[in-house]
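**Q** Residue-level listing of the chains:
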Amino acid sequence: MKRIYLDNAATTKLAPAVFEAMTPYLTEIYGNPSSPHYFGQQVAAAIDKARQQVAAGIGADAGEIIFMSGGTEADNMAIRGIAERYSSRGKHIITTAVEHHAVLHTCQLLEKHGYEVTYLPVDEYGRVTVDQVREAIRPDTVLVSVMFANNEVGTIMPIPEIGALCREKGVFFHTDAVQAVGHLPIDVKAMNIDMLSMSAHKFHGPKGVGALYVRKGIMLPALIQGGAQERNRRAGTENVPGIVGMGKAMELAVGSLEENAAKMTALRDRLIRELPKRIPEIKLNGHPTDRLPNNVNYSIKYIEGESILLMLDLNGIVASSGSACTSGSLDPSHVLLAMGLTHEVAHGSVRMTLSEETTEEDVEYVLDVLPRVAERLRRMSPLYHG
Amino acid sequence: MYSEKVLDHFQNPRNMGEIEGYNGMGMVGNAKCGDIMQMFIKVNDDGIIEDVGFKTFGCGAAVATSSMATEMIKGKSVDDALKLSNAAVVEALEGLPPVKIHCSVLAEEAVKAAVEDYRSRQAEKKSE
Numbered sequence: 001m002k003r004i005y006l007d008n009a010a011t012t013k014l015a016p017a018v019f020e021a022m023t024p025y026l027t028e029i030y031g032n033p034s035s036p037h038y039f040g041q042q043v044a045a046a047i048d049k050a051r052q053q054v055a056a057g058i059g060a061d062a063g064e065i066i067f068m069s070g071g072t073e074a075d076n077m078a079i080r081g082i083a084e085r086y087s088s089r090g091k092h093i094i095t096t097a098v099e100h101h102a103v104l105h106t107c108q109l110l111e112k113h114g115y116e117v118t119y120l121p122v123d124e125y126g127r128v129t130v131d132q133v134r135e136a137i138r139p140d141t142v143l144v145s146v147m148f149a150n151n152e153v154g155t156i157m158p159i160p161e162i163g164a165l166c167r168e169k170g171v172f173f174h175t176d177a178v179q180a181v182g183h184l185p186i187d188v189k190a191m192n193i194d195m196l197s198m199s200a201h202k203f204h205g206p207k208g209v210g211a212l213y214v215r216k217g218i219m220l221p222a223l224i225q226g227g228a229q230e231r232n233r234r235a236g237t238e239n240v241p242g243i244v245g246m247g248k249a250m251e252l253a254v255g256s257l258e259e260n261a262a263k264m265t266a267l268r269d270r271l272i273r274e275l276p277k278r279i280p281e282i283k284l285n286g287h288p289t290d291r292l293p294n295n296v297n298y299s300i301k302y303i304e305g306e307s308i309l310l311m312l313d314l315n316g317i318v319a320s321s322g323s324a325c326t327s328g329s330l331d332p333s334h335v336l337l338a339m340g341l342t343h344e345v346a347h348g349s350v351r352m353t354l355s356e357e358t359t360e361e362d363v364e365y366v367l368d369v370l371p372r373v374a375e376r377l378r379r380m381s382p383l384y385h386g
Numbered sequence: 001m002y003s004e005k006v007l008d009h010f011q012n013p014r015n016m017g018e019i020e021g022y023n024g025m026g027m028v029g030n031a032k033c034g035d036i037m038q039m040f041i042k043v044n045d046d047g048i049i050e051d052v053g054f055k056t057f058g059c060g061a062a063v064a065t066s067s068m069a070t071e072m073i074k075g076k077s078v079d080d081a082l083k084l085s086n087a088a089v090v091e092a093l094e095g096l097p098p099v100k101i102h103c104s105v106l107a108e109e110a111v112k113a114a115v116e117d118y119r120s121r122q123a124e125k126k127s128e
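Line order of the protein sequences matches chains H and Z. Mapping the first sequence onto this note's numbering, position 246 (from 1) lands on 246, and the numbers just tick up by one. Mapping the second sequence onto this note's numbering, position 41 (from 1) lands on 41, and the numbers just tick up by one.
Some clues are possibly wrong.
Some chain H residues close to chain Z (C-beta under 7 Å, calculated; not the full set) [as the list claims (entries may be wrong)]: (1) T118; (2) E304; (3) E306; (4) H343.
On the chain Z side, residues computed to face chain H include the following (Cβ under 8 Å) [as the list claims (entries may be wrong)]: (5) N12; (6) M16; (7) G26; (8) M27; (9) G47; (10) K55; (11) T56; (12) G60; (13) V63.
Derived from the structure by calculation, the hints contain no laboratory data. Source: prediction; values computed, not measured. Even for Gly, the Cβ is constructed at its ideal location relative to N, Cα and C.
Model the full assembly from the supplied sequences, consistent with the hints where possible.
**A** Below, the structure written as structure tokens:
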């Protein structure tokens, strides 16, 4: 059976050119970059190159990039680091109700240590406004952390506006850009971003590697102790093949960003336009236009997300859902609930995230299969009386 | 994560839908938690469940446990149907992931609710 992978927000396929770039560092080039000899310096040079590639992708300087294990660690380091190092400026943090758990749980941890956190509510599209942030900033606010784009519903936050505001107010600004890097144009300088989290496997790089951009002048303490790697900011021998892969993946993603975004946006919009014509009573989750080029998220009323996914999977379509059954808890997605969806409608969400490899045929197949899946499950549902 | 048996019952649910002339109906669970099961039974004068049907809003395990429960009580007496345990449903499905055990509990409760409804309807009839 042909399988169509529409879960690219979860993870993406390693690009062949990235694999090629990594391979020597998994085989014959194996030195430790901290070693002063030839073997070590050969690898240190490869890390330098990757650092430049990653920095160039977001308009940063190479010295502002710290490599680490992934987006989750980057979020932890940024938020805990600011809290620890700059607590004398105040112990108030502003974030949003729809952040990834890497941000939310870190903020909750800080609350246990005497920090006050404001979780800004979002509108029906999952967005906060710059005015909300402005009103929430207090004299003791030390950090604002707002995601670049939402992982579930794809909605893009007003990052440049929030960046300008934070700069004006003298408050640090962190953004979790795990879903945005490689998909949306980012310029940390123009957007006044102080810290930005990224993860390689979301843009066809390898898993287990990510980076935090930290603007020059901000001193974050190391989260992991035990060595002088990453200029004392992240101990532990570097994940060399991963870092090299991340650099290459960034170069490729940013190099074809516009072309890929245009292609995915066209397919995304065909799905967004056509699905309501073929399935009555469905609701688009997220902003209709201000959203990631690859994100489609619909709630199909009267049916439940996991059974939708299962039936799609049996038909060769791989997607994801914000239903409780897929989150491992009793509650559906905190993002959908924050946007004002009822539990029932939130349970029926299905997220399809495209890649540049998604074809028109794939989209036509989804448009053929999903309405039949919805109809079949609705006939089973005691809530449906159609 | 699901056994072949679960996937089979999910893809080819047995006794799906409301049945004609049912005389007992139970509905358990709630949409907030993401599972609702509705069970219809038609009991004959000898107290045997002649026909049974279900409707379910929920995950794959919820559909499969409802389907399996209907198979296990069809042709049985209402007294036997009340003895149906969630563990028996899980066993018949060749296991469920731990987080899905509550679906089998819901299936057991749906059967009990349908039988209870049947009994209260019978009691009402007698008192008329």
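**Q** Does T56 (chain Z) meet its interface restraint, that is, does its C-beta lie within less than 8 Å of any C-beta in chain H?
**A** This hint holds: T56 (chain Z) lies near chain H, its Cβ roughly 6 Å from the closest one there, short of 8 Å.
**Q** Just to be careful: measuring from the Cβ of E306 (chain H) to every Cβ in chain Z, is the smallest value less than 7 Å?
**A** Hint on E306 (chain H): holds, closest Cβ of chain Z at ~4 Å, below 7 Å.
**Q** Is the interface hint satisfied for N12 (chain Z)? The criterion is a beta-carbon contact with chain H at less than 8 Å.
**A** At 11 Å from the nearest chain H Cβ, N12 (chain Z) fails the 8 Å test, so the hint is violated.
**Q** Is the shortest C-beta separation between V63 (chain Z) and chain H less than 8 Å?
**A** 6 Å, holds
**Q** Next item in the hint list is T118 (chain H). Is there a CB on chain Z closer than 7 Å to its CB?
**A** Violated. Min distance 27 Å.
**Q** Is the interface hint satisfied for M16 (chain Z)? The criterion is a beta-carbon contact with chain H at less than 8 Å.
**A** 6 Å, holds
**Q** At a threshold of 7 Å, is the proposed contact between E304 (chain H) and chain Z supported by beta-carbon distances?
**A** 5 Å, holds
**Q** Going by Cβ atoms only, is G26 (chain Z) closer than 8 Å to chain H?
**A** Hint on G26 (chain Z): violated, closest Cβ of chain H at ~11 Å, above 8 Å.
**Q** Under 8 Å is the threshold here; is the Cβ of M27 (chain Z) close enough to any Cβ of chain H for the hint to stand?
**A** 7 Å, holds
**Q** Quick one, is the H343 (chain H) hint okay against chain Z at 7 Å, beta carbons?
**A** Holds - the Cβ of H343 (chain H) comes within 7 Å of chain Z, reaching about 4 Å at its closest.
**Q** Under 8 Å is the threshold here; is the Cβ of G47 (chain Z) close enough to any Cβ of chain H for the hint to stand?
**A** 26 Å, violated
**Q** When the nearest CB of chain H is found for K55 (chain Z), is that gap smaller than 8 Å?
**A** 4 Å, holds
Going down the numbered hints, you'll see the structure goes against 1, 5, 7, 9, while the others check out.
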